[in-house]
Each structure stands twice: as C-alpha cells, then as structure tokens.
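> Residue strings, one per chain:
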Amino acid sequence: MKRIYVKEEWCLGCHLCEYNCAFANSGMTDMVKALRGKTIYPRIQVEQDENGITYAVSCRHCKDPICVKSCIAGALSKKDGVIEIDHSKCVGCLTCVLVCPYGAVIEDGSGVAQKCELCMKNNCGAPACVKGCPNGAIVYEDRGEAE
Amino acid sequence: MKKYVIIGNGVAAAGCIEGIRSVDPEGSITVISAEQHPVYCRPLISYYLEQKTDLQRMHYRAESFYADHGAEVLYGRTATEINADTKQIVLDNGDSIAYDALCCCTGSSPFVPPMQGLDTVDNKFSFMTIDDTLALEQAVTPESRVLIIGAGLIGLKCAEGLHSRVKSITVCDLAPRVLSSILDDKCAAMMQKHLEKNGIDFILGTSAKEFCGSHAVMQNGTEVDFDVLVLAVGVRANTAIVKNAGGNVNRGIVVDDACRTSLADIYAAGDCTEYHDISSDTVKVMALMPNAYMQGHTAGVNMAGGEAAFDNAIPMNSIGFFGFHCHTAGSQPEGCEMYEETDENHIRRLFVKDDKLTGFMLLGHMHRTGIYTALIRNQTPLSSVDFARLKIEPQLAAMGNAYRDKVLKGAV
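Top line first, the protein sequences correspond to chains A and B. Residue 2 is where the first sequence starts when you use this note's numbering, and the numbers rise one by one after that. Residue -13 is where the second sequence starts when you use this note's numbering, and the numbers rise one by one after that.
Rather than coming from a laboratory, the hints here were simulated on the basis of the structure. Be careful, since some hints might not be right.
Pairs of lysine-lysine residues, derived as DSSO-like cross-links and limited to a Cα-Cα distance of at most 27 Å, are as follows [as the list claims (entries may be wrong)]:
1) B/K38 with A/K90
2) A/K70 with A/K90
3) B/K270 with A/K70
4) A/K39 with B/K38
5) B/K395 with A/K70
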C-alpha cells in the first residue's frame, strides 16, 4: 500500500508541512483566513535531533495498530490500510495519545484526538504535507510493504 | 469445524471474536451475553450522563459486527457451570453447549463492603453498566444531592458525568487521596483541587459507618444528607465459574501470556483475569479496557490454532475531568528514582530503575505521551537513548538514528 515516508536528508525544517496539514483539515478554502492568528494543531510534527537534522513525523498506519486496539470508544479503526478516527464517536479520553509509540496521535485543541488520515477525508485528494513540501522530503509511495 | 464459545460479551469478547476470525473463517462462535446489549464501550457510561455520547454511538462495533463475524449471541443468558472434562458449559436455563475452545470474558462486578443500614437506602446504584446508568439517570433531578462512595476512576467519572445534572456531589473515600490506585499524593492533590474548583466536594480518609434512609454518618463523624447514593468502592474479578471448574484462580483467573487458564482448551481475557505486569514484574488484576481487548484478541488467535502472546502488559490510564487530563503508566518499584518537572498547572513525574523507565504520572499536558509508554513497554535501556532530551519532551529525536529510520523510512 501507499505510505508516507520521510527523507530527512532533504528536510529543511521549514514546518510548512505542519501549516499545510492544519489548512487541509480546517475545512476552509483560504489559508490565511484558516490559520492567521491561530494556534495550529497539525497531525504532522517536525522534530529536530541533536545534530540539527529535521524530519516530519506523522501516523505510520501501523500493521498492528495499538491505538485501534486501545480505543475505548470504538472510534479508531483500520480500513484498507488506513487508520481512521470516527470523530462522532471519539469522546476525548486520549488513550490513543497515551499508547501511540510514535507520538503521532495528537489532541486537536478542543479536547478530542486527531491523526493523519492521509487527507482522504478532506478535499485535498492527496496528502497535503507531501504536495506542499518544497524539497521533496516527504513522499507518498508504494514500496511494496504490507498493510 | 471448530466450536468456539465465549462467556461474556464485553470488549475482551469482541477482541476474542476478531482474534478467532483472523485465523479461522469457518468455526462456529457462540457468545453468552448476560447483558441485553451488543458489545458497548463500558467506560463511556459517564460520557453518556454528560451527554457527550448516546446509546447508539456507544456501540463498540458496527451493528453488523456479529453477523459479519459469523457469531451467534445468546442475550440474557449466563453460564452457570463449565465441565472441563466433557467440554461443555451449562446455561442458567439448563441448556448445555459443547465447545472445542472456550474463552471466559466474565468481567468484574462491583464490590460493596458491608455497611450498616445500607438496606435502608432506597436510591442506591452501582456504576458499571448501561442499565446501571439508565437507572441512575432516572433517579437524579436538578435538585438531587448525590453521595458517591469511592474516589477512584469509576466514582470520579460518575461525579463528572452527573455534575451538570444535579445540585451537589460529595465523594467519600477511605483513601486519603483521590485516584489512589494510579496517583501519588502530590498528583492526587492537584487533581483534587481541580475537581473541587468544579464543584465536587470530598470527604477523604474515612469510610461510611452507617446509613439511615437518606442520611449517612462517616467513621470520622461527618454527616451527609443525600438523595442518591452511588457505590463505587471497587470491583472484583468474576472468577467463580473457572474456580468451580477446577481452574487456578487467585484474585483473578490465572492466565499465561497466551491467555490460557490452567484448564485445557479454556482461555480467559479481560477484567476477570490476573496477569503479568512487566513494569513491576508482578502479577496483578489490571482491569483496563485496552488490555482486555489485547488479551481477548490473543486468546482468540490461540484458540483458533494460531500463535499469539500478550507478553508486554502494563497498567496504563488516560483519564480526565472537566478538561484536565492525566496519563499514568507502569509502576514505581521500590528503589526507583524519580525525575520531576512541575509548575502550578502540570506535573511530569518519570520513574526510573535499573536503566529503564518503569512508570510515569503526567498531569495537565498530554502531548506524544505514547513515546514514554513505549519505553516502558519495550523495556528500552535508557543508556541507549538520549534520556536527558526525553525528560524535557517525548520525541523520536532522542531514540537514536536506527530506531528513527525503522519507524519513518519503513513500515512498522
């Protein structure tokens, strides 16, 4: 299946992926209106290591996802390789934040959980972080790995 | 075709069904459900009272779950006996059901210690099931004064759920602090302060001595008038059916990493079991929903002839009240060191022993906590990561290049 992979050697640490993610999931059509003056809660996080190397972390859509197994609301599920969250069922207990080994499930600022759904539920059509990365440091491709 | 029987219809049972079907698409699955409801999210009953969810959304799985998995549910039935020799169970209506592999997901029941005059109280409730919750909802009015016995997870979630629907809530507990099973004094004090700010009153360090109608007297002499009483002292694992069949039982049904009981072809999963906590290297009852699912799934795979182990269990809790959260995991073994960072609105306490993170308590700021949880679960040597950075913030950057490459450049 297609997955998001990171090429840290190309990452500039510009954090654009975080803004593109927040915008893509804002439901708005104007990026400035969507983001200006607001704290963003992106589903992708740029990290920096001790050598100054940067890279973005988002949901790995694990083969054996502990977040899905741990969800106390039955809100997380895996369909066709994509781990989705049913926001109508999530009550904001944040157990998924407690168990995700990669820190990829994030509280959304209003008290409930959110995570990368590969931009399949918004109007983007393809992951916004990948499309918007100015240096090709995040790719979305099929490397023949199992779901 | 193999015959699978599951006693119980909670989340462990759902995990078991999914585990079985991941290996065996054919065998018959029969589920014995004492409750009249399809599997639902038990911890959501407080969110129901709070009107953050409803009965429909509380379903753990889609309406077609049992049909999709070829499972037959016998609602309103309980199993009264297991005959491990003939491999049959007996139901409360006298029917017998044969099994090739059996999983006991019998859960736990509220434990009510003897209290004088409890039988004189009309409006008293447990808080474990949908039916408890609907009955409690019927009993409260905006004028109700509610007394909750038990300041643990169940009692306090009940308090939060009822908060906007009643006049007052008093919570009493024998322990000197709230959430005594998961928080230490300092963390509990911060949580208690937050709960008090939201209008919950506490009487701690004492227990109810006597009830008379709608009047309670505590051991320390405090008197409370109430309209509705909720009993949330604790729970006990439902072990009797396995014990009576000759299986090993302590505080919970004894299971191994494969979720096998001591009896051939009989498995157990969920709140009825006790099992190994790797963070403290002790065996305990960990009545936790994520673990229940993982045990159930493990049992199911093994029942169907596959191979699975749940060999990295730890206690863990994510719980919040009125917008203030805490995350706890693992344990604080004797002789552990504590790293602490704190200010007025948050606490971060990490417990370390023998080069391993054994546990943590975090209050107020829940961001990427699972990175810590994984350190406990994987028993990662702290000398192999940059723990100084991790203390400041959970991050993959501190986990070393090899780990990072594995996670971000491959499928995990």
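> Could you check the structure against the hints above and give me the numbers of any it violates, in ascending order?
Hint check: nothing fails, all pass.
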